[in-house]
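*Asks:* Note that this note's numbering has the sequence shown beginning at 1044, numbered continuously upward.
Honestly, I wouldn't trust all of these hints.
[As the list claims (entries may be wrong)] Below 25 Å or equal to it, Euclidean Cα-Cα: the simulated PhoX-like pairs (lysine-lysine) are:
id, residue 1, residue 2
1, Lys1264, Lys1182
2, Lys1243, Lys1264
3, Lys1243, Lys1182
4, Lys1269, Lys1243
5, Lys1182, Lys1269
6, Lys1312, Lys1344
[Stated by the list, open to error] Cβ-Cβ distance ranges computed for the label pairs, FRET-style:
id, residue 1, residue 2, range
7, Pro1361, Arg1201, 26 to 34 Å
8, Arg1173, Ser1284, 13 to 21 Å
9, Ser1212, Glu1364, 19 to 27 Å
10, His1066, Ser1198, 48 to 56 Å
11, Glu1118, Glu1081, 29 to 37 Å
12, Glu1118, Glu1313, 45 to 53 Å
13, Lys1312, Lys1182, 29 to 37 Å
14, Pro1307, Ile1135, 33 to 41 Å
Just so you know, these hints were derived from the structure itself, not from any lab.
We treat Cβ as the ideally placed atom computed from N, Cα and C, and that holds for glycine.
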Amino acid sequence: MVITKNQAVLSYYFRHFFSHRFHPDVMEQSLLVFETIEDSVEEMEELQGDLVGILVAATSSFYNNNDLEISVDDEVFTMFEQTAIDHATHSIKQIRYLENADLHLEQIHIYESSSLEQPQFPSSQSIISRIDWSQTASKYPPQPFETFLLDVPVSMRRNLRHIYSPILSCREFGARLSDIQDATNMELHEIETGIEYLTKNSQVITVGVEVQRWVAAEFAKAWCVKVGHRLTSPRPWTMPSGDICPATVRWMGESVLMMIISSPGITLKEVCSRFEFALQPVAVHDLITVLELAGCIRLLKEVFENMSLSSLFQRDVPQIEITYLLPTVDCIERFSRIFGGISLLPAMTGRSDSDKLETQRSSAVDEDLGELNLTLPILQKAN
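Assemble the whole structure, with the sequences as input and the hints as a guide.
*Replies:* Rendered as structure tokens:
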């Protein structure tokens, strides 16, 4: 396959849509530190270094009930006390003096204890499978709907027929969840259960661009392609085999999470707007689903009256629902533990593994001593 110059430029900019302003290795470093602490046989471990993973591990003690101890050498206290005596009447001078003084940070030691009960997190495979809307290609075309109903328990047939009818009537355009609700007047959980059953039996398939839609199997060709052994409505993480690429989901999901962390309370509409040049809204919704299942974010839905009336004589004031996205207090820890073990491809980060290691080495060079220290989290046993 020949890649033209325009395609290469597009690929370059596409990668930068998912670059965030936080440390690029925050997830890998955090996972390494957490695992090292958990594998320790000592009661307390020293957190040494200024890496972002060390900082995430230290701050995690404020919500997971771990003990965090700080040991400060007497010389540090003596320096502060002497500064207070010499400049007792001038607080500004005290601040200016401390700004230029050597605070001897190397003599301040931080120790953290591991939790007695190891936290339980869902696996990345179980979460990613929840956004796999593809179906086995060998099941298409499925048996006719009425024939399919003959093998369904009688108690379920009525609801399934009510759900299938509006989907079929929308033909290749597909029916939204709101369309099915308006046509059936059924409870939301009943509709979701029915759609899941119909999807599992290949009677309908999940598609969509702006929002999620469902189309009957006979109109699946308008949306889906056969990729490998799967019939799917393609997403950016669809591989040539038809399976989902975990690295792509982790890469894009991390970018969305970091945006929510930097803007707590951002609306779902705003997130879709920021990624609209790179992702379809329905793909953003899938990533939000991944983050919610991982426990990294929380959705808050509020209903407001829409003050944009179509007419001055309109009596009924329409209502609009706005979804706010809030990060959980342990979102970075949860994401790193669940997805941190999934390695990103060099095309996603713009650097190979050797380039990453070289960056770590060069950033750790001690200019005064001329020694080379690897920039890896260092955890020492407490004395």
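*Asks:* Could you run down the list of hints and mark each one as holding or not?
*Replies:* Cross-check of the supplied hints:
| no. | hint | verdict |
| --- | --- | --- |
| 1 | Lys1264 to Lys1182 | 14 Å, holds |
| 2 | Lys1243 to Lys1264 | 18 Å, holds |
| 3 | Lys1243 to Lys1182 | 11 Å, holds |
| 4 | Lys1269 to Lys1243 | 18 Å, holds |
| 5 | Lys1182 to Lys1269 | 12 Å, holds |
| 6 | Lys1312 to Lys1344 | 12 Å, holds |
| 7 | Pro1361 to Arg1201: 26 to 34 Å | 32 Å, holds |
| 8 | Arg1173 to Ser1284: 13 to 21 Å | 19 Å, holds |
| 9 | Ser1212 to Glu1364: 19 to 27 Å | 25 Å, holds |
| 10 | His1066 to Ser1198: 48 to 56 Å | 55 Å, holds |
| 11 | Glu1118 to Glu1081: 29 to 37 Å | 34 Å, holds |
| 12 | Glu1118 to Glu1313: 45 to 53 Å | 51 Å, holds |
| 13 | Lys1312 to Lys1182: 29 to 37 Å | 36 Å, holds |
| 14 | Pro1307 to Ile1135: 33 to 41 Å | 35 Å, holds |
Hint violations for this structure: none, all hints satisfied.
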